[in-house]
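J.: What follows is the residue order along each chain.
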Amino acid sequence: MGSRAQKPGAPNVTADLPAGPMQAKATTACLECHEARIILQQRLSKAAWAKEVDKMTKWGAVVDPADQDALIDYLSSNFSPDKPAFDAQRTSSGKRGK
Amino acid sequence: MKHFSAAAFAASLPPSGLTWALPEGQSIEFPGKDGLILRSYRFIDLETPAEYFNTWLTPVPHFFVRNHMHEPSQLEAKEWRVSIGGEVEKPVTLSLAELSKIETHSVVNTLECAGNGRSLHRPQVPGVQWGKGAVGTARFSGARLRDVLQRAGVKPSGKHVMFRGLDEVPGNVPPFIRSIPIEKALDSDTLVATHMNGSPLTKHHGFPARALVPGWIGAASCKWLTEIKVLDSEFVGNFMSPGYRLPNQPVKPGDAVKPEDTHPVTALNVKSVISGPFDGANVKSGKLSVHGAAWGGEADIAKVEISTDGGASWNLAKLGRDQARYAWRLWSFDWKTTKPGDYEILSRATDTLGRTQPATPVWNPSGYLYNAVDQVRIHVA
Numbered sequence: 001m002g003s004r005a006q007k008p009g010a011p012n013v014t015a016d017l018p019a020g021p022m023q024a025k026a027t028t029a030c031l032e033c034h035e036a037r038i039i040l041q042q043r044l045s046k047a048a049w050a051k052e053v054d055k056m057t058k059w060g061a062v063v064d065p066a067d068q069d070a071l072i073d074y075l076s077s078n079f080s081p082d083k084p085a086f087d088a089q090r091t092s093s094g095k096r097g098k
Numbered sequence: 001m002k003h004f005s006a007a008a009f010a011a012s013l014p015p016s017g018l019t020w021a022l023p024e025g026q027s028i029e030f031p032g033k034d035g036l037i038l039r040s041y042r043f044i045d046l047e048t049p050a051e052y053f054n055t056w057l058t059p060v061p062h063f064f065v066r067n068h069m070h071e072p073s074q075l076e077a078k079e080w081r082v083s084i085g086g087e088v089e090k091p092v093t094l095s096l097a098e099l100s101k102i103e104t105h106s107v108v109n110t111l112e113c114a115g116n117g118r119s120l121h122r123p124q125v126p127g128v129q130w131g132k133g134a135v136g137t138a139r140f141s142g143a144r145l146r147d148v149l150q151r152a153g154v155k156p157s158g159k160h161v162m163f164r165g166l167d168e169v170p171g172n173v174p175p176f177i178r179s180i181p182i183e184k185a186l187d188s189d190t191l192v193a194t195h196m197n198g199s200p201l202t203k204h205h206g207f208p209a210r211a212l213v214p215g216w217i218g219a220a221s222c223k224w225l226t227e228i229k230v231l232d233s234e235f236v237g238n239f240m241s242p243g244y245r246l247p248n249q250p251v252k253p254g255d256a257v258k259p260e261d262t263h264p265v266t267a268l269n270v271k272s273v274i275s276g277p278f279d280g281a282n283v284k285s286g287k288l289s290v291h292g293a294a295w296g297g298e299a300d301i302a303k304v305e306i307s308t309d310g311g312a313s314w315n316l317a318k319l320g321r322d323q324a325r326y327a328w329r330l331w332s333f334d335w336k337t338t339k340p341g342d343y344e345i346l347s348r349a350t351d352t353l354g355r356t357q358p359a360t361p362v363w364n365p366s367g368y369l370y371n372a373v374d375q376v377r378i379h380v381a
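As you go down the protein sequences, you meet chains A and Y in turn.
To convert, note that position 35 of the first sequence is 35 in my numbering; the numbers rise steadily by one, no gaps.
To convert, note that position 293 of the second sequence is 293 in my numbering; the numbers rise steadily by one, no gaps.
Chain A on its own, in the form it takes in the complex (with noise of 0.2 Å):
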């Protein structure tokens, strides 16, 4: 799974896309419209894979063709129905107590 920063207090925090060769292909992509947990949080065969990245193409995510296939294999691994769930953090309104 990703790395997360998880700076105490810190507003917005940032989750990343996984290591790995399609990283920063998939980060440049993906993140343009929505943050990483969209993904993150997914667990899909390879197939529902493929579908999903020909809808996000044509809503306006930019992946040159000749990387779609190393796109799918990348979520399709990291993302595959056999792994644990995505373990969602909680909010705070910053004012408890109060």
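Just to be clear, a hint being listed does not mean it is correct.
[Unchecked claim] Taking lysine-lysine pairs in the PhoX-like style, the calculated list, with each CA pair at most 25 Å apart, reads: (1) A:Lys55 x Y:Lys252; (2) Y:Lys258 x A:Lys46; (3) A:Lys51 x A:Lys25; (4) Y:Lys252 x A:Lys83; (5) Y:Lys155 x A:Lys55; (6) Y:Lys229 x Y:Lys155; (7) Y:Lys258 x A:Lys51; (8) Y:Lys252 x A:Lys51; (9) Y:Lys258 x A:Lys58; (10) A:Lys46 x Y:Lys252.
Note that these hints are calculated values from the structure, not bench results.
Given chain A's structure and the hints, the job is docking chain Y onto it.
T.: Chain Y only, in chain A's frame:
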């Protein structure tokens, strides 16, 4: 924006035996939202933990947030307008001041995301991986949509009412525009809501005004409303089709489903959630209160049954006193545990339409309307 009362907030916290507060550094600061599960901050998707479902009204700091797109970047109450047009006698535009002059109506509504429970489907499907908490109940108030539409005069040709909001859409994503049938739009409980639990809507919940379509999926209740358009047929767009549709017949994963073999998701399903004890709890032998909430969209709850033996036998839960059309009922069941061991507690609601929660979920490609019986596993010491 009115600050949430600290006393009311403290009263709404789960009993002190439960530890939901994470040590510094593991929680993420999110003004106005306390202890919610962060599915995403961009787009904002925040989920309410099940242990918070122990008050009839969900306080706004605990209310789930679901945004498909980005919230409006520029929004001034004085500048905001809503236009009413399309199949009408005379199009009109209203400011917030003009909208506020129309007689208001109040509806206590259980608002649930169509995708609530999606993460529990097997096989898994794409989308926000909600657990049990993309749901909440609040008192919404504002002008009746019927009265707003009357200002423009709906023509007989009007069959659907389309809502457009001020949310901002990235890339080539189609705008989040949907429509509801004219009968539901003219229902006396469908609102152009401006208030939630007695205070103006916060930005996350659609300030300054949103559609409020009671008993239906949250997607019908368009936030940051700016355009109401009467149409002669269902709106054509991604979030009417293929979005928010269910196969007419049960399908297996991998089946091809033609658009003409689907119907739109509208009213919510019958459902219950266990808010205590929580999943994985370790409890002492003796008296244990099993409690939670149950709802049925446009139908009322007829009964809630609890099983403490994994479904072999069922007991009637007591329903809470607070009730309103479209609002959930709280329920409780006092269980005297005797033998130590591992137990599976189930809750099963039945509504006044005769629908009952199924033992196994009804799978569909988008993971909508998950409503299998709820389940927690506990250990009795």
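J.: Taking the hints in turn, state whether each one holds.
T.: Taking the hints in turn, this is what the structure says about them:
1. A:Lys55 x Y:Lys252: Holds - the C-alpha atoms of Lys252 of chain Y and Lys55 of chain A are around 22 Å apart, at most 25 Å.
2. Y:Lys258 x A:Lys46: The hint holds at about 22 Å.
3. A:Lys51 x A:Lys25: At roughly 18 Å apart (the allowed maximum being 25 Å), Lys25 of chain A and Lys51 of chain A satisfy the hint.
4. Y:Lys252 x A:Lys83: The given pair, whose Cα atoms are some 22 Å apart, holds under the 25 Å limit.
5. Y:Lys155 x A:Lys55: Violated - the C-alpha atoms of Lys55 of chain A and Lys155 of chain Y are around 38 Å apart, more than 25 Å.
6. Y:Lys229 x Y:Lys155: 12 Å, holds
7. Y:Lys258 x A:Lys51: Holds, because 16 Å separates the two Cα atoms, which is no more than 25 Å.
8. Y:Lys252 x A:Lys51: 17 Å, holds
9. Y:Lys258 x A:Lys58: Judged against 25 Å, a Cα distance of about 20 Å means the pair holds.
10. A:Lys46 x Y:Lys252: 18 Å, holds
Of the numbered hints stated above, the single one contradicted by the structure is hint 5.
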